[in-house]
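Chains as they are written, first to last, in the numbering used here: chain A, 8 to 315; chain B, 555 to 648; chain C, 3 to 394.
Calculated from the structure, these hints are not laboratory results. Each hint should be verified, as a subset may be incorrect.
To be verified - In silico DSS-like links for lysine-lysine, alpha-carbon gap of 30 Å or less:
hint: 1; chain 1: C; residue 1: Lys197; chain 2: C; residue 2: Lys309
hint: 2; chain 1: C; residue 1: Lys380; chain 2: B; residue 2: Lys570
hint: 3; chain 1: A; residue 1: Lys269; chain 2: B; residue 2: Lys615
hint: 4; chain 1: C; residue 1: Lys309; chain 2: B; residue 2: Lys570
hint: 5; chain 1: A; residue 1: Lys12; chain 2: B; residue 2: Lys615
To be verified - Chain A is nowhere near these chain B residues, computed Cβ spacing over 12 Å in every case:
hint: 6; residue: Lys560
hint: 7; residue: Phe577
hint: 8; residue: Glu585
hint: 9; residue: Ile589
hint: 10; residue: Lys593
hint: 11; residue: Leu598
hint: 12; residue: Val611
hint: 13; residue: Asp622
hint: 14; residue: Lys636
hint: 15; residue: Ser643
Even glycine gets a Cβ: it sits at the ideal position worked out from N, Cα and C.
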Amino acid sequence: MPSLKQLSSEKDLFTYGHRACAGCAASIILRQVALVAGKNTIFVGATGCMEVVSTIFPYTAWKVPFLHNAFENSAATGSGIETTYRSLKKRGKITKKINVIAFGGDGGTYDIGFQSLSGAMERRHDMLYLCYNNEAYMNTGIQRSSATPFGAHTTTSPAGTVIPGKQQFPKDLTEAIAAHDIPYVAQAAPHNWADFTKKVEKALTIEGPTFINVLSPCPLGWVYPPHLSIKMSKLAAETCFWPLYEVENGIHKINFKPREKKPLIEWTKLQGRFRHLLSESNKHIVEEAQKEVDRKWNRLLKMAEAKI
Amino acid sequence: MKKGWKELPIGTQIIKPGSSEDFKTGDWRIEKPIIDFDKCIHCLICWIYCPDSSIYVNDNKVTGINYDFCKGCAICAEECPKDAITMQSEVESE
Amino acid sequence: MEKMIVAKTGNEAMAEAMRQINPDVVAAYPITPATEVVQIFSSFVADGRVDTEFVPAESEHSALSACVGAAAAGGRVMTSTASQGLALMHEVLFIAAGLRLPIVICEVNRSLSGPINIHCDHSDTMASRDSGWIQIYSEDSQEAYDNTIQAMKIAEKVFLPAIVSVDAFIISHSMERLEILPDEEVQAFIGEHRKPYDLLDVDNPITLGGLDLQDYFFEHKRQEIEAMKEAKAAVIEVGKEFGEKFGTSYGFFEEYRMEDADLAIIALGSTAGTTKVVVNALREKGMKVGLFKIRVFRPLASEEIKKSLEHMKAIAILDRADGMSSFGGPVFHEIRSCLYESEKRPIVTNYIYGLGGRDIFPEEIESVYKDLEKVAEKGEVKNLINYLGVRE
Ligand SMILES: Cc1ncc(C[n+]2csc(CCOP(=O)(O)OP(=O)(O)O)c2C)c(N)n1
Ligand code: SF4
Ligand code: SF4
Ligand code: SF4
Ligand SMILES: [Mg+2]
C-alpha cells in the first residue's frame, strides 16, 4: 500500500481545472486512481459526468492519454487499445509496460455498457475496468439506474404521492462481474483511500481483466452539502450498505468489518433523495431496505468465512 | 483568439496535457478554507481528499491552498483530524 | 510480377485482401452474408498466417468500438459486417470518422430489417452514407479485392475510415475468377502504416474525443469535411497507382460505352454487370445507350459526375434502396443534384429495384432504356419515380 507521503510526492495526473461540482467524490476517485496508476497508463472514459467535466475542449484534466468513445462502450474501447498494445508488443514495436484503465459511471457500467463490459471481461483483456457508482445518471439530471438504491428519489423514480421513489433493489454488479471468473474483482469507497489505492495497485499488477466498483457520493444527486462527501462514503461502509471487499481468484474477502453495524437510516437520513422516507407512512420502505442490506451482508460474511 | 479549423490538430486531439490548469475554478467558491499552521500536523488527509488537487504539498508538508482552483467544498475542513482548517465566507474576507 | 489466378467468392476475396494487408487488429462479429469473412480471417489467425490480434467481440457495436480503441492506439485496423451489424455500429461510425481513424470495413450489402431479410439491397450502407466514411462499391470479386487494398491506402492518406462493399450473395457467395497479387506487392503498395496519432505514446499524452461544444465542434467537423474533399484526390491517386503497378486503374466511376451515348443508366455494384450485357445487346440494335457505374459514392465526385453526364439526353438512376421520403432513392437525389449546376440539365428519372434481394433481369433493364428513349423523344417525364420488379 502506498503511503500518503509516497503518494504526495507523485504528480497529479488528473489535475485541477475540471468542472466537477464542488465536493464531487468521483473526481477524488479518479485523482487517486491516476496517482497510483502512474504515467504509463491510458484511460478510457464513458460518457457521463467525469468525461464531461474533465475534457471540455480545449481543456483536459488528464496528463495521461485519454480517450472517450461513447456511453456504452468504454470497456470495448479499452479492449481495442489493449489489443493494439499486445499486437505491437508481439511485433517488437513497443516494450514498455502500459496499463489500460477503462471507466464509466453506473449508467455506463451497470446498464447501457453492461454487455460491452461483460464481453471485455470474458475475452480476458489485460485491463482494469473501474465503475464510479454515484447511483444514478447524474450527467443527464439524476435519472434512476439499476444501481440506484431502493426507495431513492430520482427524476425518473420520483417520490410521488402514490409511488415513494425507486421500487427495485440495486443490481449487484460486483457479484455479476465476479461470476465472470476473472482474477480480481473488488468493491471500494473513496473515504478508505488506503484500501482503495491498494486495490487499484493490485488490480494493475494482476494479469488479465480486473474490475473495481467504487461508490461515488454525489452532493448534487444525493442532495447533501458538499463537505459531507467523505462522510457519505464512510457511512455507506459502516452501515454495510456498501461493503468493502474483494474477490480474488474466486475467493471472497471482506476488507472492512464495522465493529458495530450502523442502521441504514444513519446514512439515508443525511440525504435529500431519501427525505420522503422519514415520514411515518414510508417506514416500511426503510425496513425493507434494511432487511435487504442485512441479507446481503450476511451472505457476504458467509462467503468470506467459507472462503468461497 | 480561438484557433480556426486550419490550425487545430485533427481528430479533436487536445495536445496540451492538463490544459484544464488554464481554466480557473476558484471563482466558484462561496467559502474559503484557511489553514491554521499552528494546529496542522501534516497528516496529508486534506491533500488526499481534495477533489480539486488544491492543497499544496512540498516535501511531505502542507504549505497552503491553491485559491485559483479550490472550489470551497470544505471536505478538507470536515476531514481534518486537528480542525486546522476553517471555512471563511468569501464575502467577509474581501 | 506473378499474379495468381484463383476462383474465389467475394467474401473470400475480401478476406484474402485482409490477410495480405495483415492488420494489427481485427475486431469483428459474424452476420450473414459477411460471416465468412470473419470465419476465414479467424482461421488465418489460428494458422499463424497473419500477425493480427483478433478480437471476437460480443456485438458489432463493441467490434467497432474496439476498432476505434485499437486504431487510436496506433494500430492498423479492419473489420467486416453487413446490414443489422452496420446499423448496430451506426453510432460509432460517426465517432470513428470524427476521431479521424483510418479503419476499413469489408461490408456485404444486405437489406435492413424490417422485415428481416438476408439478401441484397443497399439500404444498409445508404443509411450510413453521411457518417463520414469513404464508400466504395464493388461490381465483382475482383473489384472487392482490389478495392479493399486501395481503401486501406486511401483511408490512411486522408485519415478517414472507409467501407468497401459487395452485394449480398450475388457477389459475396458466387465463385468468380480472381487475380491475386503477391503478398509483398500488396504490402509495398499500402506501405508503412500511417496513423493520425498514437495513444500508446505515453510520453506525449493526448486527450481524444472529449466534450466539444459550440466553440470548437464546427471547426473539427469542418476539418472532417475537408478530409473528405482531400479523399477525392486520394481516390484518383491511389486508383492510378494501382493501375500503373497492377494493370487495372480505378476512379470514381466507370463509364461503359458512354462516349457517344444519349441514354444512360446509373447503377452501383453487381447490377452494373447485368446492365453491361444489356448495353451491348441494345447497341447491336443501334440504340445509343451507356452505363455509368458509380464506384465511389463517398466522397461524391460532383464536378466529375456533372461533366460526364450533362450531355446525356436522359438518365435513369437505379437505386437499390429507397429514401422513404416518397420521393425516390438516395443515389437519385445526389446525382440529380450534381446535375442541377449544369445548363444542359438532362432528364433524370429514378428506378427503385431489387429490395430484399429481388432479382433484376436484363429485360427489366432493357425496359428502362426503352422508357428513357420515350422520355428523351417527348422531352417529358410521366413517372419520375418508378418501381422495378415489384408486383402491383
Ligand atoms: C447512447 C446514449 N444514450 C444516452 C445518452 C445520454 N447520456 C449521457 S451520460 C448519461 C448518464 C450517465 O450516467 P452514469 O453513467 O451513471 O454517469 P454519471 O453522469 O452519473 O457520472 C446519459 C443517459 C448518451 N450519451 N448516449
Ligand atoms: S453531478 Fe455528482 S457526479 Fe456529477 S460532477 Fe456533480 S457531484 Fe460529481
Ligand atoms: S488534514 Fe489538517 S492536520 Fe492534516 S495536513 Fe491537512 S490541515 Fe494539516
Ligand atoms: S475546500 Fe475543497 S477544493 Fe478547496 S482545498 Fe478544501 S477540499 Fe480542496
Ligand atoms: Mg451515475
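Hint by hint, here is what the structure shows:
no.: 1; hint: C:Lys197 / C:Lys309; verdict: violated, 35 Å
no.: 2; hint: C:Lys380 / B:Lys570; verdict: violated, 66 Å
no.: 3; hint: A:Lys269 / B:Lys615; verdict: violated, 35 Å
no.: 4; hint: C:Lys309 / B:Lys570; verdict: violated, 46 Å
no.: 5; hint: A:Lys12 / B:Lys615; verdict: holds, 9 Å
no.: 6; hint: Lys560; verdict: holds, 16 Å
no.: 7; hint: Phe577; verdict: violated, 4 Å
no.: 8; hint: Glu585; verdict: violated, 9 Å
no.: 9; hint: Ile589; verdict: holds, 15 Å
no.: 10; hint: Lys593; verdict: holds, 18 Å
no.: 11; hint: Leu598; verdict: violated, 4 Å
no.: 12; hint: Val611; verdict: violated, 5 Å
no.: 13; hint: Asp622; verdict: violated, 8 Å
no.: 14; hint: Lys636; verdict: holds, 15 Å
no.: 15; hint: Ser643; verdict: holds, 14 Å
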